[in-house]
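Quick mapping for you: the protein sequence lines, in order, are chains B and D. Last residue of the first sequence: 112 (our numbering), numbering continuous. Last residue of the second sequence: 114 (our numbering), numbering continuous.
What the hints contain is simulated information worked out from the structure, not anything from laboratory work. Computed from a predicted model, the values in this text were never measured in an experiment. Don't be surprised by glycine CBs; every beta carbon is placed ideally from N, CA and C. Hints are not guaranteed to be accurate.
Said to hold, decoys possible - Some chain B residues judged to face chain D by a derived CB distance under 10 Å, without partners named:
# : residue
1 : 32
2 : 34
3 : 49
4 : 94
5 : 101
6 : 104
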Amino acid sequence: AQSVTQLGSHVSVSEGALVLLRCNYSSSVPPYLFWYVQYPNQGLQLLLKYTTGATLVKGINGFEAEFKKSETSFHLTKPSAHMSDAAEYFCAVEGAGTALIFGKGTTLSVSS
Amino acid sequence: DAGVIQSPRHEVTEMGQEVTLRCKPISGHNSLFWYRQTMMRGLELLIYFNNNVPIDDSGMPEDRFSAKMPNASFSTLKIQPSEPRDSAVYFCASSGRAPYNEQFFGPGTRLTVL
Chain B
1 AQSVTQLGSH VSVSEGALVL LRCNYSSSVP PYLFWYVQYP NQGLQLLLKY TTGATLVKGI
61 NGFEAEFKKS ETSFHLTKPS AHMSDAAEYF CAVEGAGTAL IFGKGTTLSV SS
Chain D
1 DAGVIQSPRH EVTEMGQEVT LRCKPISGHN SLFWYRQTMM RGLELLIYFN NNVPIDDSGM
61 PEDRFSAKMP NASFSTLKIQ PSEPRDSAVY FCASSGRAPY NEQFFGPGTR LTVL
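Work out the full structure, taking the sequences as your base and the hints as a guide.
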């Protein structure tokens, strides 16, 4: 069965600092992996996805994630945090059928 | 494209009342998902449909909850009777055909049961 673990429910960084949000997955088949972002009082929005091919995936707003099969990880990074990046971030893996299995989320806070 | 449409955006009701949440998926999508989000429990999948057929309703908390999808462009989530612990934000999402299964989320319905 597929599962996702997000390490750290809350991450705080300073503006301009590196953002690193951790996600580890478990899957019995080659996984499809996703990162979603949720801004306050909004629905989830897709940041990026890994399906096949290049293991470094670039998404919107300067975010990227690297699929590492040997580490079963799909960590999300951004070189320089901006105040507008403050939000909740969800990692997800494709589950059975068409459902996605979401992690519990990581809240990113950015201070000036 | 209008995206996933949910109504109402906010609902305040009293305990014991029936609540109906509505969702219009993106045209052409064949899968629809209902989620509930609370501070305590995070994002929970309640039920999902493929081609209007319920596939997995194991996340529906109890018999007070029911969901229907009478056609490809409309779904409802009903709570009867509602209780204060049902207060949450309910999201609807839709996705196209596999294999990538990217889900597109609606803006959510914030339900408050007094």
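Checked hints:
no. : hint : verdict
1   : 32   : holds, 6 Å
2   : 34   : holds, 7 Å
3   : 49   : holds, 6 Å
4   : 94   : holds, 5 Å
5   : 101  : holds, 8 Å
6   : 104  : holds, 5 Å
Going through the hint list in order, the structure satisfies each hint without exception.
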